[in-house]
Amino acid sequence: MRELSKTVKVAAGALALALALYLAGAYALAPGYWRHYERQHGLATKSMFTTTSAGIPGDALNVGVEGERENLICAMRAAGWRPADPVTFRSSFAIAESVLARRAYPTAPVSALFWEGRRQDLAFEKPSGVSPSRRHHVRFWLALSKGDAGAPVWLGGATFDRSVGVSHYTGQITHHIAADIDTERELLIRDLADSGRVAATYQVAGVGPKLLARNGGGDPYFTDGEIVVARLRPNCEASATAPEALPAPAEAQAHGAVFGWIGQAFRAVRHGFSAFQDGK
Numbered sequence: 016m017r018e019l020s021k022t023v024k025v026a027a028g029a030l031a032l033a034l035a036l037y038l039a040g041a042y043a044l045a046p047g048y049w050r051h052y053e054r055q056h057g058l059a060t061k062s063m064f065t066t067t068s069a070g071i072p073g074d075a076l077n078v079g080v081e082g083e084r085e086n087l088i089c090a091m092r093a094a095g096w097r098p099a100d101p102v103t104f105r106s107s108f109a110i111a112e113s114v115l116a117r118r119a120y121p122t123a124p125v126s127a128l129f130w131e132g133r134r135q136d137l138a139f140e141k142p143s144g145v146s147p148s149r150r151h152h153v154r155f156w157l158a159l160s161k162g163d164a165g166a167p168v169w170l171g172g173a174t175f176d177r178s179v180g181v182s183h184y185t186g187q188i189t190h191h192i193a194a195d196i197d198t199e200r201e202l203l204i205r206d207l208a209d210s211g212r213v214a215a216t217y218q219v220a221g222v223g224p225k226l227l228a229r230n231g232g233g234d235p236y237f238t239d240g241e242i243v244v245a246r247l248r249p250n251c252e253a254s255a256t257a258p259e260a261l262p263a264p265a266e267a268q269a270h271g272a273v274f275g276w277i278g279q280a281f282r283a284v285r286h287g288f289s290a291f292q293d294g295k
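Sequence positions in the sequence shown follow the numbering used here and run 16 to 295.
By construction, these hints were calculated from the structure, which means they are not laboratory data.
Do not rely on the hints blindly, as some may be mistaken.
[As the list claims (entries may be wrong)] Distance condition first, Cα-Cα at most 27 Å in a straight line; then the derived DSS-like pairs of lysine-lysine:
{"id": "1", "residue 1": "LYS225", "residue 2": "LYS24"}
{"id": "2", "residue 1": "LYS161", "residue 2": "LYS24"}
{"id": "3", "residue 1": "LYS225", "residue 2": "LYS61"}
{"id": "4", "residue 1": "LYS225", "residue 2": "LYS141"}
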């Protein structure tokens with residue numbers, strides 16, 4: 016227990032230093048320097064946050080897909096993600112029943128979030144265990160009907176539902192998300208790439224670096240603030256060739272390197288704190 020407590024203290028010290036560097040970079044060194052839309056200039060004027068129906072800031076956008084709607088649906092299915100059922104009285108009752116009974120519901124409905132005044136166009140999920148209280152899920156909005164390469168561009172917010180509870184803001188029943196939304200973003204992009212449907216991946220700027228942000232339910236999250244975009248192969252074609260990783264500008268790469276270290280320190284502290292609590 017003493018060794019664990021010492022580890023937590025060391026990790027906390029590292030986090031304090033990382034946080035100081037983060038605050039200096041995020042607020043004193045012109046965050047605009049890190050903004051980049053070199054492959055999708057039309058996204059430069061778009062919001063990178065969703066909102067709840069009450070207007071509360073919701074999930075951050077962290078993933079993107081470049082391709083036709085049918086192609087996106089086909090690729091997500093091939094990647095092991097299934098379209099979520101629409102929210103109806105029947106589906107709402109079914110998800111409540113499945114959570115209480117710990118019964119599988121792989122196409123459980125996803126609550127509505129809004130981006131630029133519109134609820135999500137598409138929603139997908141990937142089960143994690145039996146109960147739908149734990150699942151990977153993503154909402155997508157059509158952001159550009161015609162991007163720089165001529166194809167539609169979709170923006171999404173990928174998060175992991177870790178449990179069912181009540182909103183810290185409204186008291187309504189909701190899913191609570193895991194804080195590390197970058198890991199969820201990487202999972203989705205990796206699943207799409209493994210399906211063979213992705214020709215290339217690249218990044219554009221999202222919400223910017225966040226360590227102590229909260230979503231529409233009051234759940235904390237952290238992110239490097241980047242959106243990873245998957246450019247799909249046409250007609251849902253599959254290939255064994257790995258996607259090409261298109262390079263980001265030098266300043267974006269520097270930002271990624273700095274936040275990568277900060278993110279690792281932050282994850283270590285969170286893991287150490289959770290282990291400390293479990294050991295009490």
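Broken hints, by number: Failing hint: just 2.
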